[in-house]
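Residue-level listing of the chains:
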Amino acid sequence: MRIETALSMAGLAVALALGSAVVSLLAARVPKVVRFAAMPLLGLCGVAAIVAGLGALLSGGAATATLPLGLPWLPWHVRIDALAGFFLLLIGLVTGTIGLYGPAYVRGLEQGRDSLVALGGFTGLFLAGMLLVVLADDAFLFMIAWEVMSLASYFLVGFQHEQAANRRAAFLYLLMAHVGGLSILLGFGVLASFGDGFAFASMRAAELSPLWASLAFGLVFLGFGMKAGLVPLHAWLPEAHPAAPSYISALMSGVMLKVAVYGFIRLVFDLIGDVQWPWGMAVLAIGSLSALTGALFALMQTDLKRLLAYSSVENLGIVFIALGLALIFIDNGHPLPGALAFVAALYHALNHALFKGLLFLGAGSILHSTHERDLEQMGGLLRRMPWTGLFFLIGCLSIAALPPFNGFVSEWLTFQAALQAWQLESGVMRSLVPIATAVLALTGALVAATFVKVYGIAFLGQARSRHVRRARPGPWGIRAAQGLLAALCVLLGLFPTLVIGLIDAVPRQILGGGLPDAGSRGWLWLVPDAFETASYSAPLVALLLVAIAALVVPGMRRVGARRVRRCDAWDCGFAPSTARMQYSATAFAQPVRRVFALLFRVEETQVPREDGGMRHQIKIGDRSWDALYLPLARLVEAAARRVVRLQSGNVRVYLGWTLVTLLVLLWIVSA
Amino acid sequence: MADILSPSAWLLALVQALLFPALAPLLAGWVRKVRARLQNRRGASVFQPYRELRKLLLKEARVAHTASPLFRAAPYVVFVATWLAAATVPLLTIDLPTAVVADIIVLAGLLALARVFLALAGMDVGTAFGGMGASREMMISALAEPAMLMAVFTLAMTAHSTNLGSVIAHHLGDAFVLRPSYLFAFAGLTLVALAETGRIPVDNPTTHLELTMVHEAMVLEYSGRHLALMEWAAQIKLLLYGVLVANIFFPWGVASDPAPASLAMGLAAVVLKLAVLGGALAAAETVLAKMRLFRVPAFLNLALLLALLGLLSHVILEVGA
Amino acid sequence: MTALLLTVLAPLLGALALALVRTPAAGGWLNLAISALTLVAAGWLAWSVALEGDVVGRLIGIGFRVDAFNVYLVVLTAFVGLTTSIFSRPYMRHVRAEGRVYLGGMRVYHSMYQTFMLTMLVALTTDNLGVLWVAVEGATLATVLLVSLYRTPEAIEAAWKYFILCGVGIALALFGTVLTYFAAQHVDFGALAEPGAGLIWSSLHAHAAALDPTVMRIAFVFLLVGYGTKVGLVPMHQWLPDAHSEGPTPMSAVLSGLLLNVALYALVRFKMLVDGSLAATASPHLAGALLMGFGLVSFTVAGLFLHRQRDIKRLFSYSSIEHMGLMTFAFGLGGPLATFGALLHMLVHSLTKSAIFVTVGHAAHIAGSQGIEKIRGLIRTQPAVGWSLLIGVAAIAGFPPFGVFTSEFLLLTATMQAQPWLTLPLVTGLAIAFAGLFRHLHPMVYGTPPEGQQPVQANMIPVVVHLGLVLWLGLAIPGFLAQWLNRATQLITGSSLL
Amino acid sequence: MSLPALPLLQQLVVLLAALVLFLSFVLLAQSRLVSAIHAFAWQGALVAAVTAVVAVSGDVHHLYFSAGLTLLLKALVIPAMLHRQVRGLALERHTEPLQRPSLAIMAAVGLVIFSSWLVLPMVAEELAFTRNILAISLAVVLIGFLMMVVRQQAVAQVLGFMSIENGLFLAAVSATGGMPLIVELGVAFDVLVAMVLFGVFFFQIRESIDSLDVDRLNRLSETAEIAGEDRP
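Protein chains in written order, with my numbering: chain A, -18 to 652; chain B, 6 to 326; chain C, 4 to 501; chain D, 12 to 243.
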C-alpha cells in the first residue's frame, strides 16, 4: 500500500470518528442510535486506523498534507510515517474491539438518566483527538488535538456525575491535564523560538543549545509524564480511569496513555533530536519509580478498576524505563542496544494496550453482569462466566509477563537491552542500569502477585455476595471483543519476530537504524543482536509445552487410577467451610503491605457493624498526596485569602489605592 | 553455532530432559537420608520418594465440589512448565538446543508460570489455607525472583550472553579467575534456591502446621495423581536449582562436545556435585530452624543485596574501565 | 461615510425614541430592532473599510476615522449589542414580572442601553481624543443608572462605588488628555491642520516623535490610571465585580464584552502616541513595560480572587479582569505576534464572556439566586443551560478547539520568544485561574439538583451563536478577519505578521 | 525664570491660580458642609477668572465663551444644586470634623511639593510659565483626590470630585490655552449630568442606609471567610 493511501485511510478514520460523534447527537431523540450507528462507526474507524497504520509501517515512507484550517500563516499540517503508523495501529486495534464491545454495554445505559448524546459524542471526539495527535505535523494542530483529547475524556470521566467521587476525579483530571498541556505548549515554544515557526519540519531542522534543549526536554517530559501518569504526577489516574464507563477506561488506559508516549517519542527522539544521556537517567529513574510504586499500589487495591488503573501506572513506568535505556545507549554511541530498548518500549506499549484493554473490558463485563467492582464481593466467577474467565486469565498471564504470552516478550527485550549495560563507558551508568533492572524484576514479581490475587479472588473460590452468585455471562458482543483481544495477546506472544519485523520500520526512521539481525534466523527465532548472545523462540517454547503436556496428561491417565471423585473440601473436621472463610483480597496483600510498610499511609480503624460486631477497616493512602498536592492546594488557598483583602468594601480605601498607585507611578516615571 | 540445532543435539537434549524427572526424586531422597543420618536416625532409603510417587499415582484423585476446571488443569501446567524449565539447564553438555530456545530469562519465566498456577490452584477451592499459602508464596517469590535474576545477570553480563550454554562455555573457556562478583552471586543464588524450593529456613516441606506452611498449604486440597505431579514438580525444581548452582559456579566436568566419554564424565561430575550440595543442604536444614514468616523478607533482602553487590562489583571492578 | 453616520445615529435616535416609549414590551422589540439596524450599518461600514480603506469624516465638528484597528471592534460592539438585546428582551420581562424594577425603570433601561451603545461606538470611531474621553465618561454615566436599576441597597452601593471610582479615574484620564494636548502645543502640524489638531489622534500619531517626551510620560501615567480603572486593572478594579454582580445581567454582558474593550482600546491608542514620542529617549519601552506590569498583576491577582467567590456573576467578572490583564500584558509586550494575539483575544473574549453571562442569567433564574452554592446540578435541571455553561467556561479557560486557546497560544509563544521567563508566571496564573473557575463550576453543573428546581423558558440563540463563532475562530481564522487583524497589527506595531 | 519678567496678565494668572490652590486647601480642611460648598463656588469663580484672563491675554475668542460657561456651571449652577440637596437632606448644620486634620494638611502640602517636583523636568524654555501653572493645577487635582479619600461624607466626596474637575479646567485653560470648543462643551455636559446623578444617588443612599457616610456602604466586601467547596 502506498503511503499516501495510508494517509487518506487515516483521514477516513478521523472522519469516521467525527461521524460517530455527530450521529450520537440524534441519541437525544432515539437512544438506540448510539448502539446501532455510533458504535459500529467507531469499529470502522478502528479498522481504518489499523489499515492506515499497517500501510505506513510496511511502506516505511512518510506522506504529508495540509488542511485549510488553522491560523492564516499556519495551516494544519498532517503527516504519517512509521511512528505515527505504529500508534495508529495501536489505537485502531483497541478501538475496533470497542466497536464490537460498545453496543452491548451501552444498551445497559439506555434506561439510565445519563445522556447518551454526551457519551457517544465525546467518545467520538476523544478518538478523533487521539488520531489527530498522532497525525499532527505542527505544534498548533498537535496542541488542539491534544487538548480536545483531554477535554473529551474529561467529559467522559464526568459522565456518571452523581457520585461526588467522580466529579472530584474529573476536576483533578482536567486540572492536571491542563497543566500538562501548558507545559507541553511551553516546550513547543522553546523549539519554535529556535526553529522558525511551529511546523514540525522546521523544529526538526532547529539547532538547540544544550541548555535550551534540556529545558525543552524537561517541559516536555513533565507534560507527557503527567499524561502518562508517571509517579509522582499519577494522582489523577487511579481516580479518573475507574470513574469512566469501562470501555472508556479501556480506551484511556490502553490508548490515551500511549498517545502520551507517542508525544514523548515524537518530541524527544524526533524533534529535539540530539539527545543527552542525563535525560535518559532521569527517565530511567522516574520510570523505575513509577513501575515499582504502581505495582505496589495495584497490589493493595480492592476495587478492580482502580487496581487496573494503578497497574497502568506500573506498565507506563516499564515503557519509560525502556525509553530511558534507549536515550542512554543512543547518546553513548551504541545505536544497536538503543534501538533494542526503543523497540522494547514500543512493543510493551502495544502489549499494554492489548492486555489492559482486555482486562478493562473484562472488568466491564463483570460490572455489567454483577454491578460489582469490589473484589471483596466477588468470587467463583469462572464457573458463571466461563468465557470471560478464560479471556481474563489470558490477560492476567500476559500482564504478569509469563511465557509464552506477549507481556513476556517485551519484558524479555527490555532485560536484553539492560544487559547491554556492560558496553557503557562510565561506571556510574553501568552500575545504575542494573539497579533499574532489579526494580524491573521486582515489579514483574509483584505484578504476578497482583494478578494471582485478582484472578484468584474474582474468578476462583466461592462467590462472596448474592448478586455475584447470580452472575450470568454477558452478551456475545462483549465476549467476542474480549476474545479478539485475548487472541491478539497470544499471537503477539507467539510470533514476536514478525511483529518486530513490522515495528522495526520505526527505529529505522526515527533513530536511523533498527535491529538488523532480529529476524536473521527466520520467524522462528527472536535474536536481539547475535545468536550466541541471546535468543528466544516463543513458537518452540509453546510447542514444547504442548508436546510435553500431550505426553504427560495421557500418561498420567494410563498409569494412575481412572476415577476422580467429587467430595467436600477439607474442613479440618470442623463445620464445613463457607464463602466468608475464604482468604480476602486485603488479606492476600497483607504480607507485602507489611514488607513495604513505609511506602503506604495505612489507616486501620474498627467500625461497628449493624449486627453489633466490629468490622476491621483498612485504608491505604497514597503518600504523594500529602507530599505534593495538598501543600500546593493550601498554598493557593492561603494566597487567595491574602489577596481578597483588596476587596475590603470601603470606597475610600479603594480611592486610596488608586491615589497611591498614581503617585507611585508618577514617581517611577520621573525619577 | 548451527550445529547446536542438529538432530543429534536434540536427541541429547531429550535424554537430558528425561534425566531430570528421573533423577529428581533421588536427590530428594538423598537429602532426606543425609538429614536423617545427621539426626542420628536411620531414615528411609534414598528411593523412598519414588515409592511415594507411585503410591500417589495409584490412588484415586479427589476433587472438591467447589473446585473449577482450573483446579484439575493446574498440576499438569505446573509439572510441564517446571519440566521444560529444567530441560533448558545444561545438565551434561553445553551444546543444548533447549538452551537456545529458551534462555535464562525464559527459564525464570517458566518457573514463574508454574508458580502462578500453583498459587491459583491453591485459591481455587476457596478454603482459607489455600489463599494463605498462595499469598505467602507470592510474597516470597516477589522478593526471591529479582535476587535470582540479579545473580544470573551477573554471569550473563560476564559472558555477554543470557544463553546458559554459552555462559557455561564462556567459563569453561577462559582460565580460572577469582571473581568477587561470582562469590556474591553464588551466595545470593543459594539463598534464593533455599527460598524457591521451599526448604528450611524459609519453608518446611514436611510440616502441616498451618501457621508455618506455604507450599503444603497450597497443595492441601490435592490428592492422587494431582498431588503426585505437584510433588514431583517440586522435586524437579529442587534438582533444577541444584544443577544451576552446580554447573554455573562449578562448571568443571560439563561436556563441551557430544562425545560419549565426556558425556559420561559430565554425568559423573554433576552427580558428584549434586551429592555434595545435597549434603550441604541437609546439614543446613539440620542446624537451622524454620524462621517466622516476617523474618523471611530480611533473609531474601540479604539475597537480593548479595546478588546486586555481585552485579555492581562486576560492572565496577571487573569490566575494563 | 453614510454608513458611519448611520452607525452612530441609529443608537442616538434609538435612545431618544426609547425614552418616549412607555410600554416595556414595545421597548424591548424596538431596542432589538435598533440594535439590528446598528449591526447592519456597522457591517456596511466594515465592508466599505475593507473595500476602500480608512473611512474619514466630520460630524458637527468632530473628526471621525475608522481604520483597521477600530472597525472590527465596531462590528463586534454592534454584534454583541444585538445578541444581548435579543437575550435582554425575555430576560427583562421575567425580571419585571418579579417586580424588581421600579415603575419607568424599563424606559430608563432601554434608552440607557442605546445610549451606552452610542457612547461605545462614538468612542471607537472618533479621531478626537477629547471626544473619546467624553464618550467614555458618557458610558459611565449611562451605565451607572443601570447598575442601580434594582434599587436594592447592594445595587445602590455598587453603583456609587462604580460612579465614584470610574468618575475619578476618568477625570485623571482627562488630565492625561490635557497633558497630551499640552505636549502637542508646540508641534507644527503643517499648514492645513485644522484647529485643535493637538487632539486629533491621527495627526498626533503622524507627528508623535515631536511630542515632548517628559510631558507624554506623565500624561501616560494619568491615562493609564484613568482608563486602566475602566479596563479593570488591579488595583483600580474594585468597582468592577460590584457593578457586574448587582446590575441586570444583560448589563454585565455588555460591560464585560464591550466597555472593558473600549477602555483598553483607548489605552492602546495612547500607547502608540507615547511610544512614538519616547522612541528617541533612554526608555523607549516605558509604556509597554507599565502595561505589562499592570497586566501581569491583574492577571495573577484576579486568578486568585476566583478561588474565593460565592456569587456566580462576581466569579465571571473576575475572570474578565483576568483576561483584560492578559490582553494588557500582550499589548505591552508588543511585537506583531503578541499584538495579533491580543486583538484576537479581545474578539473571542467578548464573544465568550457575553455568552457566559447570558447563560449565567438563565442559571441564576433557575436557581432563583446568584449564590454559587444555590446553583446545583444544572445539567439535570436544564441540559441546554448546563452544557452551555460548561462549554462556555471550557472555552474561556482556553481549551481548544475554541478561539481563546488560539489567542492564548499566540500570547504564550510570543512571550516565550520575547521574555522566556515571564511565561512562568503566565502559566502559573492560567493554571490557578483554571482551577478557580472549575472548582466552582463543577458543583454547579454536575450532580443532582436540589428539590423544586424547574427549567425556565430560556433563549439560547445568543449563546449558541457566540460559542459557534468562537469555535469557528478556534478552528480557522477567516481570511478577511485575518487581514483586518493583520492591518491593525501593522498599524499598532508597524510591522506585519502575514 | 522670574515672576517680574512676566507680562502683567500672566502675573495675574499666577496669582489667581495660587488662590485656587489655597481654596482647595480650604475645601480640604473645611468641616462645615455649607461653607465647603461656598469655598467650592469661589474656586469655580476663580477658575472662570483665570479663563477670562487667558482669553484676554491670548485673545482667544472661544475662551470668553468657556469662561462664561465655567462661571455659570462651577460657580453658580452646581453650588446651587448642592445647596438645594443639602437642604433637602437637612444637612445645613452638618459638620464633619476631619480626624487628624493636620495630617491631611501635611499630606496636601506634600502633594503640592510633589507636583512641583514632577513638572520640574519640563525645561523647554517656552513652557516655563505654563509649567508652574501645570504644577498648581496638578496639585489641585491631587488635593481634590486626597479630599475624596479622607472625607467620609458623600457630599464632601462629591465636592472633592468637583474640585478635581476645577483643577482640570485650570490646566486645560491656562496651560494649553483652552481645549477645542466641542470638547469643552462635552466635558461641561458630562459634569452637569454627573452632578444630577450625584443628586439622585444622595437620596437613594440616604434611603437605603439612612446616612451619607460612605464608610457604611460596605456590604459588598469579600474579606468574610467562606467554607471551601469540594477540593480533591
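Treat the hints with care, as some may be off.
Stated by the list, open to error - Dumping the calculated SDA-like pairs for lysine to any residue here, alpha-carbon to alpha-carbon at most 20 angstroms:
| id | chain 1 | residue 1 | chain 2 | residue 2 |
| --- | --- | --- | --- | --- |
| 1 | C | Lys377 | C | Ile464 |
| 2 | B | Lys64 | A | Gln144 |
| 3 | B | Lys60 | A | Arg546 |
| 4 | A | Lys600 | A | Arg590 |
| 5 | B | Lys64 | A | Arg546 |
| 6 | B | Lys60 | A | Arg88 |
| 7 | B | Lys60 | B | Ser50 |
| 8 | B | Lys64 | A | Cys548 |
| 9 | C | Lys377 | A | Arg149 |
| 10 | C | Lys377 | A | Gln144 |
| 11 | A | Lys13 | A | Val32 |
| 12 | A | Lys600 | A | Thr283 |
| 13 | B | Lys64 | A | Arg539 |
| 14 | A | Lys13 | A | Arg88 |
| 15 | B | Lys60 | A | Lys600 |
| 16 | B | Lys60 | A | Asp312 |
| 17 | B | Lys60 | A | Arg544 |
| 18 | B | Lys295 | B | Ala41 |
| 19 | B | Lys64 | A | Val534 |
| 20 | B | Lys64 | A | Arg544 |
To be verified - Not everything, but these chain B residues come out facing chain A in the computed CB check (under 7 angstroms):
| id | residue |
| --- | --- |
| 21 | Gly136 |
| 22 | Leu317 |
| 23 | Glu323 |
Stated by the list, open to error - Calculated from the model, a selection of chain C residues having no Cβ within reach of chain D, i.e. all distances over 12 angstroms:
| id | residue |
| --- | --- |
| 24 | Ala6 |
| 25 | Val59 |
| 26 | Leu106 |
| 27 | Ala138 |
| 28 | Thr143 |
| 29 | Ala187 |
| 30 | Ala292 |
| 31 | Val300 |
| 32 | Leu340 |
| 33 | Leu425 |
For the record, the hints were derived by calculation from the structure and aren't laboratory data. We treat Cβ as the ideally placed atom computed from N, Cα and C, and that holds for glycine.
Checked hints:
Pair hint C/Lys377 plus C/Ile464 does not hold up; C-alpha atoms about 25 angstroms apart against a cutoff of 20 angstroms. For a cut-off of 20 angstroms, the pair hint linking B/Lys64 to A/Gln144 is broken: about 56 angstroms separates their Cα positions. Simply put, B/Lys60 and A/Arg546 have alpha-carbon atoms about 17 angstroms apart, close enough for the 20 angstroms limit, and the pair holds. About 17 angstroms separates the Cα atoms of A/Lys600 and A/Arg590, which keeps this hinted pair within 20 angstroms; it holds.
Between B/Lys64 and A/Arg546 the CA atoms are separated by roughly 11 angstroms; this keeps the pair inside 20 angstroms, and the hint holds. Only pairs whose Cα atoms come within 20 angstroms are accepted, and B/Lys60 paired with A/Arg88 is rejected, the gap being roughly 56 angstroms. Our distance criterion of 20 angstroms between C-alpha atoms is met by B/Lys60 and B/Ser50, whose separation comes to about 16 angstroms. With a CA separation close to 15 angstroms, the supplied pair B/Lys64 and A/Cys548 stays within the 20 angstroms bound.
Simply put, C/Lys377 and A/Arg149 have alpha-carbon atoms about 19 angstroms apart, close enough for the 20 angstroms limit, and the pair holds. Simply put, C/Lys377 and A/Gln144 have alpha-carbon atoms about 19 angstroms apart, close enough for the 20 angstroms limit, and the pair holds. This hinted pair does not check out: A/Lys13 and A/Val32 have alpha carbons roughly 29 angstroms apart, beyond 20 angstroms. Between A/Lys600 and A/Thr283, the direct Cα distance comes to roughly 10 angstroms. Compliance with the 20 angstroms bound is thereby established for this hinted pair.
In summary, the hint linking B/Lys64 to A/Arg539 is supported, as the alpha carbons are separated by about 13 angstroms, within the 20 angstroms threshold. Among the hinted pairs, A/Lys13 with A/Arg88 is consistent with the structure: their alpha-carbon atoms are about 8 angstroms apart, no more than 20 angstroms. Between B/Lys60 and A/Lys600 the alpha-carbon distance is near 49 angstroms, which puts this suggested pair outside the 20 angstroms criterion. Note on B/Lys60 and A/Asp312: the hinted pairing is violated, with a Cα-Cα distance of about 62 angstroms set against a maximum of 20 angstroms.
In summary, the hint linking B/Lys60 to A/Arg544 is supported, as the alpha carbons are separated by about 15 angstroms, within the 20 angstroms threshold. Restraint check for B/Lys295 and B/Ala41: satisfied, since their Cα atoms lie roughly 17 angstroms apart, inside the 20 angstroms limit. Of the supplied pair hints, the one linking B/Lys64 and A/Val534 holds, its CA atoms being roughly 16 angstroms apart against a limit of 20 angstroms. Straight-line distance between C-alpha atoms of B/Lys64 and A/Arg544 comes to about 9 angstroms, which keeps the hinted pair within the 20 angstroms bound.
A cut of 7 angstroms between beta carbons decides the hint on B/Gly136: the least distance to chain A is about 2 angstroms, and the hint holds. Hint status for B/Leu317: holds, given a least beta-carbon distance of 5 angstroms to chain A, under 7 angstroms. With a cut of 7 angstroms, the hint placing B/Glu323 at the interface with chain A is violated, because the nearest CB-to-CB distance is about 9 angstroms. Here C/Ala6 stays apart from chain D, with its beta-carbon at least about 22 angstroms from theirs, past the 12 angstroms limit.
Every C-beta of chain D lies more than 12 angstroms from that of C/Val59, the closest at about 17 angstroms, which supports listing it as non-interface. Once the 12 angstroms rule is applied to beta carbons, C/Leu106 is consistent with being away from chain D; the minimum gap is 15 angstroms. Its beta-carbon lying about 8 angstroms from the closest one in chain D, C/Ala138 breaks the requirement of being farther than 12 angstroms from that chain. Not every beta carbon of chain D lies more than 12 angstroms from that of C/Thr143, the smallest distance being close to 8 angstroms; the non-interface claim is violated.
Taking the minimum C-beta to C-beta distance to chain D, about 9 angstroms, the non-interface status of C/Ala187 is violated against the 12 angstroms cut. Every Cβ of chain D is farther than 12 angstroms from the Cβ of C/Ala292; the closest lies at roughly 19 angstroms, confirming the non-interface assignment. At the 12 angstroms boundary, the C-beta of C/Val300 stays outside the reach of chain D, the nearest C-beta of that chain being 18 angstroms off. Distance check for C/Leu340 against chain D: the nearest CB is about 35 angstroms away, which clears 12 angstroms, and the non-interface claim stands.
Once the 12 angstroms rule is applied to beta carbons, C/Leu425 is consistent with being away from chain D; the minimum gap is 28 angstroms.
Checked against the numbered hints given earlier, this structure breaks hints 1, 2, 6, 11, 15, 16, 23, 27, 28 and 29; the rest are met.
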